[in-house]
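> What follows is the residue order along each chain.
Protein chains: 2
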Amino acid sequence: MKNKNIAIIGAGLVGSLLAIYLRKRGYQVTLYERRPDMRKVNIPAGRSINLALSDRGWKALRGVGIEEAIRKIGIPMTHRTMHSMDGKITTQPYGKDGQGIYAVSRGILNCTLLDLAEQNGVKIFFDERCTEVVLAKNEMHFENQQTFEKSTAHADFIFGADGAFAATRLQMQLSTAQFNYSQSYLEHGYKELMFTANADGTHRIEKNALHIWPRGGYMLIALPNLDGTFTVTLFFPMKGNPSFESLHSKAEVKKFFSDVFPDAVPLLHDLEEDFFNNPTGSLVTVKCMPWHVGNQLALIGDAAHAIVPFYGQGMNCGFEDCTILNDLLNEHHDDWEKVIPEYERLRKPAADAIGELAVDNFIEMRDLVGQPEFLLRKKIEGWFYEKHPDKWMPLYSMVTFSHIPYNEAQARGNRQNVIMDKIMAMPDIEKKWNSSEVENAILNLLKVNS
Amino acid sequence: MKNKNIAIIGAGLVGSLLAIYLRKRGYQVTLYERRPDMRKVNIPAGRSINLALSDRGWKALRGVGIEEAIRKIGIPMTHRTMHSMDGKITTQPYGKDGQGIYAVSRGILNCTLLDLAEQNGVKIFFDERCTEVVLAKNEMHFENQQTFEKSTAHADFIFGADGAFAATRLQMQLSTAQFNYSQSYLEHGYKELMFTANADGTHRIEKNALHIWPRGGYMLIALPNLDGTFTVTLFFPMKGNPSFESLHSKAEVKKFFSDVFPDAVPLLHDLEEDFFNNPTGSLVTVKCMPWHVGNQLALIGDAAHAIVPFYGQGMNCGFEDCTILNDLLNEHHDDWEKVIPEYERLRKPAADAIGELAVDNFIEMRDLVGQPEFLLRKKIEGWFYEKHPDKWMPLYSMVTFSHIPYNEAQARGNRQNVIMDKIMAMPDIEKKWNSSEVENAILNLLKVNS
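First to last, the protein sequences are chains U and E. In terms of my numbering, the first sequence is numbered consecutively and its last residue is 452. In terms of my numbering, the second sequence is numbered consecutively and its last residue is 452.
Please note: incorrect hints may appear among the correct ones.
The list makes no distinction among identical chains, and a pair is therefore deemed to hold if it is satisfied within one copy or across any two copies.
[Unchecked claim] In silico DSS-like cross-links for lysine-lysine, where the CA-CA straight-line distance does not exceed 30 Å: (1) Lys289 with Lys139; (2) Lys289 with Lys241; (3) Lys139 with Lys152; (4) Lys289 with Lys193; (5) Lys289 with Lys350; (6) Lys139 with Lys241; (7) Lys26 with Lys42; (8) Lys241 with Lys340; (9) Lys90 with Lys434.
Think of the hints as simulated: they come from the structure by calculation, not from any bench. All figures in this text were calculated on a predicted structure; none of them were measured in a lab.
Okay, chain U solo, but in the shape it has when bound (with noise of 0.2 Å):
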């Protein structure tokens, strides 16, 4: 049995994108969404502008025809550097041969996937709040943000992609029996602010990397724009001493980033005004399970798996559903009661890896990459990937660089780690790193662990 009409509750990044896939089979798609046409309105100052696309975004926007576009407007970043406090910089390659992740404007990103949803034949309501969904007879109901008048929709099949704080999946959580649930938010919140760009819009440092000022317990980056600014992000404890909570006035504030980051203070359009007045962002891990109900609703992108931003995955995975859950519609001859099960069958443990994978990450990010040790660690693992990429693939690149399910790579990046452990531990290995004693020990391990 086909679903034909389908409505889509959030019109973000991945219920834009999936509303382009599902309207390409012929489905006749609603979208809904709470917030103003993005297109016609500004975007608030202060939540996450910018994007890290990596591979698996990739495929999912080539499968709608709109790769190259966005490719026009992002910006590659190779590698990540590494400013220390006392002004010096390392830098560490992404991936091989110049492979890189990159920036792109959230808000264009999603303005394009609207027009082409609009372009295929998608309707698209907007200030439409979902305020409930009544399972047992297939009904939305909404309210608009505007006149609050209240509205009542119908759809054969309901997708929640209403974001990490769903309230499809809050439905969910009401009147589902046996629905698990998990938010989990780390102890450091984010904040934005903004490096300003020459006077004739060039960037006021490299440009195609992505920029880290790793402090142990905090980190700043900072991510390039095209008019050469940086948006910078401040991932800091929330409570303690520093913290949001501990930096009370303009004064403060100053003196703890001339302190700690003062190589990025002149670089930073006004600090003070922007720290007081952009919004502090919390950072949350949300797991579910079941992702479905029956054949009548499911969740994807965050409203299924919100993660923490520290793998630059969040968006590439929520496209990914999107891609796969189009590939099984495919190898099922779009019959939903197949396809919706083994959708949460494949995606569940994917998304529960790199959530996790993402929370890893904000460790080596914000501590690890200022250490010599594991600048040495990335550099062995590149080396031995280049001399046998058969055998071994560095876990930020299955993660990055590859379509290998999240879960698959992190069972792999566990097992590679073992064997890094050893061999940081052979004696003068920052003095024989590329030799063919570390080759062949490494080799050895393999064959020991597989």
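Put chain E on the given structure of chain U with help from the hints.
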């Protein structure tokens, strides 16, 4: 500052007991209960009509002077009695010197607490469902479940004692920043059944025991009631084979019970009728953090920490919340700004621990208690505990017959487990289990591990 006017949402066991404690301290206390006054209506069948009271619970009842009254209506259970498939019976004492847990009627206990609350001047409103808590205004909204009239109330401090699916906790989830929350279901559910009494009102099987039919992946248990009946509970997978899903007809239920619980079948009140008439219950563990919002609202009992029933500690833990809160009010002279954060700091790790122990104990009850090695292990622990009560206490005794914080009991239990694994690996342990060789081995392992 004293909170003069205190509202408690939920007049179940914990809410009613808390009301008495606070009223006795001189506060104005109002209890709001969603259900009708249970003293005036019949309780529907099939929902845990008896409970196992142990030392933590008794202490809390002693504090309000009703320990003896309740003990009179309790039935001591001094041991587990295991029924194997071929009708063989084994037993395992719960503690030493006839220590026991008490089967008590939930209904009688709750009614007694409600009576005592009213006698002490607690105001109680029944049929009032809490629909919202507006924390900014210390305001509660209610909807009467008989008249559907809406009303509003205020209090200086609000307790959420409204159980595993607490409306107060949902309010925190929806409106409190950084609220960590998880609800996690077992893949098993439960069904209540009944053993009939003899014609003269006596029990048809041994009265002073908790009966278990352990069958590996599932189990049946029976707790004695005063009228000679037993409350019988089947803990059983929700899906798979066998499961609640796989037993479709009365004939299938009858055949299944006859095959795996043959000695229980003649004792059961109308099995087939009850099996399909009584609801299938779920088994959920709820964890959250924080447990309080400022000096305005706190969660207590299942609302803060719903656990599965396999350690018989759900009510005991909630009652201990009351004792500890009362102790803290004594210690800090009713300074709520100090007491509430301290209550959370002490009780959160304790509740997490008993939540985990309760899940672990399901495996012990449904599987291990049927195995000779397990019974030997418990026998060795009991024997060594008798000889060296200063050096060893079995985990079950720490949880059930002591006031050691649950988290300390769990940690000490883990250390003892490591030792017992080694003892059980000694050659011929089944022959020499009470020898001085084994005694000295345990003493030495305790030294090494301390």
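> For the identical chains here, do Lys26 and Lys42 meet the 30 Å Cα criterion within one copy, between copies, both, or neither?
Within. Shortest intra-copy distance 26 Å satisfies the 30 Å Cα cut-off; inter-copy 62 Å does not.
> With identical chains treated as interchangeable, where does the CA-CA distance between Lys289 and Lys350 reach 30 Å or less: within a copy, between copies, both, or neither?
For Lys289 and Lys350, both the intra-copy (9 Å) and inter-copy (22 Å) Cα distances are at most 30 Å.
> Between the shortest in-copy and the shortest cross-copy C-alpha distance, which are at most 30 Å for Lys139 and Lys152: within, between, both, or neither?
both (17 Å within a copy, 28 Å between copies)
> Can you give me the call for Lys289 and Lys139, within, between, both or neither, at a CA distance of at most 30 Å?
Within one copy, since 26 Å is at most 30 Å while 32 Å is not.
> Using 30 Å as the alpha-carbon threshold, which applies to Lys289 and Lys193: within, between, both, or neither?
both (24 Å within a copy, 29 Å between copies)
> At most 30 Å between C-alpha atoms: does Lys90 with Lys434 qualify within a copy, between copies, both, or neither?
within (25 Å within a copy, 68 Å between copies)
> Indicate which option fits the pair Lys241, Lys340 if close means a Cα-Cα distance not exceeding 30 Å: within, between, both or neither.
The answer is between: 19 Å across copies meets 30 Å, while 47 Å in one copy does not.
> Tell me, please, which holds for Lys289 and Lys241 at an alpha-carbon limit of 30 Å: within, between, both or neither?
both (25 Å within a copy, 22 Å between copies)
> Is it within, between, both or neither when you check Lys139 against Lys241 at 30 Å Cα-Cα?
The answer is between: 26 Å across copies meets 30 Å, while 46 Å in one copy does not.
Of the hints listed earlier, there is not a single one the structure fails to meet.
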